[in-house]
Amino acid sequence: MIHVWLPLALVCVLAGAGAYGVIARRNAVLVLIGVELILNSANLLFVTMGSVRGDTLRTGQVLTLFLITIAAAEIGVALAVILALFRKRGHIDLSEPGA
Amino acid sequence: MTSLDILFGAVGLITAASAVLAVTTQRLVHAALWLVVALGTLAGCYLILGAELVALVQLLVYVGAVVVLVLFALMLTRAPMGRSPEHSSSAVQRIAAAVIAAGTTALLAGVLLPALGGEVLSAQTGDTKAIATQLFGAWVWPFELLSVLLLMALIAALAVSRMPTTSPTSPVPAETEST
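Chains W and L, in that order, give the protein sequences. Read in order, the letters of the first sequence are residues 1 to 99 in this note's numbering. Read in order, the letters of the second sequence are residues 100 to 278 in this note's numbering.
Next comes chain W alone, as it looks inside the complex:
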């Protein structure tokens, strides 16, 4: 028996921390860490709601597995872009204008 407000509060905190990381960071890899935190808050919401509203298709947990896969694909492409950016500009500081 778990009260649902506990996972939901964790969802809110994770999303807020991720939003802070996306906005406040200048290094592109650290921005990516913020994006990962937001994706994980969505995952936790999927799992929690899948447990609260259990259905025969197990939608919550299956969609969480899909979202983890999509996040892995996303981070692979994003790191390739960051490395290309680093080769071209010599730094990955997002606050400086592009060359």
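Quick caveat, the hints were computed from the structure, so don't treat them as lab data. Idealized CB from N, CA, C, for every residue including glycine. You may find that some hints are simply not true.
[To be verified] Derived Cβ-Cβ restraints for the label pairs, each shown as a range:
no.: 1; chain 1: W; residue 1: Leu94; chain 2: L; residue 2: Leu212; range: 15 to 21 angstroms
no.: 2; chain 1: L; residue 1: Arg126; chain 2: W; residue 2: Lys88; range: 21 to 27 angstroms
no.: 3; chain 1: W; residue 1: Ile70; chain 2: L; residue 2: Arg177; range: 26 to 32 angstroms
no.: 4; chain 1: W; residue 1: Lys88; chain 2: L; residue 2: Ile113; range: 27 to 33 angstroms
no.: 5; chain 1: W; residue 1: Leu94; chain 2: L; residue 2: Met174; range: 34 to 40 angstroms
no.: 6; chain 1: W; residue 1: Ile70; chain 2: L; residue 2: Ala195; range: 27 to 33 angstroms
no.: 7; chain 1: W; residue 1: Ala84; chain 2: L; residue 2: Leu206; range: 33 to 39 angstroms
no.: 8; chain 1: W; residue 1: Ala72; chain 2: L; residue 2: Leu212; range: 26 to 32 angstroms
no.: 9; chain 1: W; residue 1: Thr56; chain 2: L; residue 2: Val198; range: 25 to 31 angstroms
Using the hints, position chain L against chain W.
Coordinates of chain L only, in the frame set by chain W:
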């Protein structure tokens, strides 16, 4: 307050604290390591909620693969190991980010907690067989599409990394780096 409540509270508190530290620490490598702690304890949260398969996939994919990729990217972009205040943004931007983050948290909490906060869920474990049946039954076509997506992402990452740079204006030439 049940024992599972207390357990989830303890693990969730570690998750929240390490997530906040991952986005606020001044050392770049420490941010990736705090991300390991946050994602690993989040797998523990999934375990407490009764989603064993998701917890194991989270450990395998996130802690095993994604964080290694992030650490590799930090090393390949020559991130400094020590404290690097020149990588932090200005105070105005940080305050604005904190305000927006607090607003996001308050908005989500204001929507989710009154709507669903009063409910109690009974975590049922041993559900993996049903998930596997559904995953390869009802969800098999999205699953196959995801494999195509992963292949496309792999090819795209390869293509982007082999893309010729139009103006090689790197301040650190490759010759001096190799010697």
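Tested hints:
1. The hint said 15 to 21 angstroms for the Cβ distance between W:Leu94 and L:Leu212, and at roughly 34 angstroms that hint is violated.
2. L:Arg126 and W:Lys88 have their C-beta atoms about 26 angstroms apart, which keeps the hinted 21 to 27 angstroms range intact.
3. Separation of W:Ile70 from L:Arg177 is about 29 angstroms and conforms to the stated range, judged on CB atoms against 26 to 32 angstroms.
4. Distance hint check: the CB atoms of W:Lys88 and L:Ile113 are about 39 angstroms apart, inconsistent with the given range 27 to 33 angstroms.
5. Against the hinted window of 34 to 40 angstroms, the Cβ-Cβ separation of W:Leu94 and L:Met174 comes to about 19 angstroms, which falls outside the hint.
6. Between W:Ile70 and L:Ala195 the CB atoms are about 29 angstroms apart, so this pair conforms to the stated range of 27 to 33 angstroms.
7. Against the hinted window of 33 to 39 angstroms, the Cβ-Cβ separation of W:Ala84 and L:Leu206 comes to about 35 angstroms, which satisfies the hint.
8. A hinted range of 26 to 32 angstroms holds for the C-beta pair W:Ala72 and L:Leu212, which are about 31 angstroms apart.
9. For W:Thr56 paired with L:Val198, a C-beta distance near 43 angstroms fails the hint of 25 to 31 angstroms.
Checked against the numbered hints given earlier, this structure breaks hints 1, 4, 5, 9; the rest are met.
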